[in-house]
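Number of protein chains: 2
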Amino acid sequence: MRGQPGGDIAFVTQSGAVGSVILDWMAMKGYRVSKFISYGNATDLDESDFIEYLANDKKTNVICLYIEGAKDGRRFYETLKKVSRKKPVIILKAGTTEQGVSAVSSHTGSLAGSTEIFNTVIKQGGAIKASNIEDIFDFARTLSMQPVPRGDRVQIITNGGGFGVLMTDWVIKKKLRLAKPDKSMIKKMKRQFPGYNVIGNPTDLTGDARAEGYRKALEFFLNDKSSDMIAVITLFQTPLLTAEIVDVIAEASRKTSKPIIVISAGGRYTEVLKKSLEEFSIPTFSYPERAANALRALHDYSRNLQK
Amino acid sequence: MRGQPGGDIAFVTQSGAVGSVILDWMAMKGYRVSKFISYGNATDLDESDFIEYLANDKKTNVICLYIEGAKDGRRFYETLKKVSRKKPVIILKAGTTEQGVSAVSSHTGSLAGSTEIFNTVIKQGGAIKASNIEDIFDFARTLSMQPVPRGDRVQIITNGGGFGVLMTDWVIKKKLRLAKPDKSMIKKMKRQFPGYNVIGNPTDLTGDARAEGYRKALEFFLNDKSSDMIAVITLFQTPLLTAEIVDVIAEASRKTSKPIIVISAGGRYTEVLKKSLEEFSIPTFSYPERAANALRALHDYSRNLQK
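Residue numbers (numbering that gives the first Met the number 0), protein chains in the order written: chain A, 0 to 306; chain B, 0 to 306.
Keep in mind that the hints were calculated from the coordinates and are not lab data.
Please note that the accuracy of each hint is not assured.
Intra- or inter-copy, both count: the list cannot distinguish identical chains.
To be verified - Keeping only pairs whose Cα atoms sit at most 25 Å apart, straight-line, the calculated DSS-like set for lysine-lysine is:
1) Lys128 to Lys172
2) Lys215 to Lys128
3) Lys34 to Lys215
4) Lys173 to Lys122
5) Lys274 to Lys179
6) Lys58 to Lys128
7) Lys172 to Lys257
8) Lys28 to Lys274
9) Lys128 to Lys173
10) Lys128 to Lys182
11) Lys274 to Lys58
12) Lys187 to Lys122
13) Lys57 to Lys34
14) Lys179 to Lys58
15) Lys28 to Lys306
16) Lys306 to Lys224
17) Lys128 to Lys174
18) Lys186 to Lys128
19) Lys189 to Lys174
20) Lys70 to Lys189
21) Lys85 to Lys189
22) Lys189 to Lys80
Note that the coordinates shown come from a computational prediction; the quantities given were computed from them, not determined experimentally.
Could you put the whole structure together from the sequences, leaning on the hints where they help?
See below:
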């Protein structure tokens, strides 16, 4: 599934406005769209037709859907069940409150239906629920760039203690587990890192971390069987962390079947390095919450496939 | 409280990394910081000292805090209670899960304490709780730019139906109310807008909306007593909506005591217009969820002041 950024994400939307925003955003971020379908009131073809078509489209690896209501609930469910075994289907449903349902009726006129039933259809159908537009972006690029994990155990590597704490909180809040790295490995690692580094989970390489420290840490954690996914926090506000980190992470990602994502936030320099990482199919996030959320989506999809 | 963008936001942080990220971000977005305090392990002065100092700092209108644990809980509570009546205090607490607390102990070594107690201290102390780093950014700029609302009723004006539905959902999910515009006013408005526009809440001016349509709609809703806050959705993917909208919204904002925020998402053109809006002290958001969240913070602060 890992590939070039974009070129493999399809969007099906019942709202022209939501659709154009997504197209604009993809263009700005340099992602390419495989297919784009804006179908409004669905007088002839509906969402199930499009999902079925995209299931067989070789250029599409991930299918995203903005929907206000399904035309034929039973068929929609059967379609999801069949297609989501082949490729991830990400769904944002609008009209999930009584007032939202009423707004839907003056927009596309769809029967927005019960939120509970819709959530069950998404879950039982093996699709991935997006709660907002950001989720669509984050889930689509993560699922199109990274392999699915074997389990839910996350290892965190950071050069900023506060970000490490925040990511730890979000891993737990998103109902993933914090990996417990092997004790004998930790012992071995401690001998190779400065005494003021915190080796564990999170592993905090602290403010003077260089790319080389990340390389060593990644090598240990990628070979350690106690984790399933790696969250790397790289804050470029520290003077010793150079652009070399991009190659270090890209190289690590090539050698492993564990998904790797990067969290990094700051100004323009940070944005440039994040863009480079994405060109190597490493999804990047500004905030721990959004990163943990994307790892959760990867794990959800992996579990659906195992069923 | 309304003023120039930035120049009036102070940051107090226990994490150097979180602090540098915030500084970088503020610089990139063109906000100015009044004071910036990174205090780490707090061996002499602590968070309460800094909050007290900033309470009397004339250049600071909003105080933001990243904290891993309070040194003296009782004093912290008393300080918040006193200061938050003068200016908003926004707090992001890290270490809110068992695993996060343990990560805190290897970072600043603070006693992270019980999350429940901390949440109560924030609430009873009249401060505003940020759940993540994005919340800090969004709450700080919204509270520094816009007046506080009289109540919790939100009026939505949009040119994209889907975004209107999503915003409606989020207003409800964030436990605000959807304003119910006066019926006789709606009747009057309907005569002045094309028949295919949806006049109500949301009011959908549809894809051919021009700045002039927004001007008229804003005039009605700003004078209508049934709403307390206005959320304006401006999607620039439609050909007829020009940069004139910036002046229309800035002008409306000058004439009213109701807070106005803007939701707009897309590519570079959208980003330029959003930046112009922010220069007129109109906070802008890319996504309905984040906008509703910021309105919720405005409302929370308003309620604290009324207590």
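Give the relationship of Lys28 and Lys274 under a CA distance limit of 25 Å: within one copy only, between copies only, both, or neither. both (8 Å within a copy, 18 Å between copies)
Identical-chain pair category, Lys189 with Lys80, by Cα at 25 Å: neither (47 Å within a copy, 45 Å between copies)
Could you place Lys187 and Lys122 in one of the four classes (within, between, both, neither) given a Cα distance threshold of 25 Å? Close neither inside one copy (43 Å) nor across copies (46 Å); limit 25 Å.
Under a CA distance limit of 25 Å, which applies to Lys57 and Lys34: within one copy, between copies, both, or neither? Result: close within a single copy only, 11 Å intra versus 54 Å inter.
If the cut is 25 Å between Cα atoms, do Lys173 and Lys122 qualify within a copy, between copies, both or neither? Both: 16 Å inside a chain and 24 Å across chains, each within 25 Å.
How do Lys128 and Lys174 come out at 25 Å by Cα distance, when the copy is not named: within, between, both, or neither? Classified as both: same-chain Cα gap 15 Å, cross-chain 22 Å, threshold 25 Å.
Evaluate Lys172 and Lys257 at a C-alpha cut-off of 25 Å and name the case that applies: within, between, both or neither. Only inside one copy: Lys172 and Lys257 sit 21 Å apart there, 35 Å across copies, limit 25 Å.
Which holds for Lys189 with Lys174 at a C-alpha limit of 25 Å: within a copy, between copies, both or neither? neither (29 Å within a copy, 49 Å between copies)
Within, between, both or neither: Lys128, Lys182 at alpha-carbon 25 Å: Cα proximity of Lys128 and Lys182: none, with 37 Å in one copy and 37 Å across.
Same-copy or cross-copy closeness of Lys306 to Lys224 [CA-CA at most 25 Å]: Close inside one copy (22 Å), not across copies (54 Å); limit 25 Å.
How would you classify Lys70 and Lys189 at a CA-CA limit of 25 Å: within, between, both, or neither? Result: close neither inside a copy nor across copies, 59 Å intra and 31 Å inter.
Indicate which option fits the pair Lys128, Lys173 if close means a Cα-Cα distance not exceeding 25 Å: within, between, both or neither. both (14 Å within a copy, 19 Å between copies)
Hint violations for this structure: numbers 2, 3, 5, 10, 12, 14, 15, 18, 19, 20, 21 and 22, all remaining hints satisfied.
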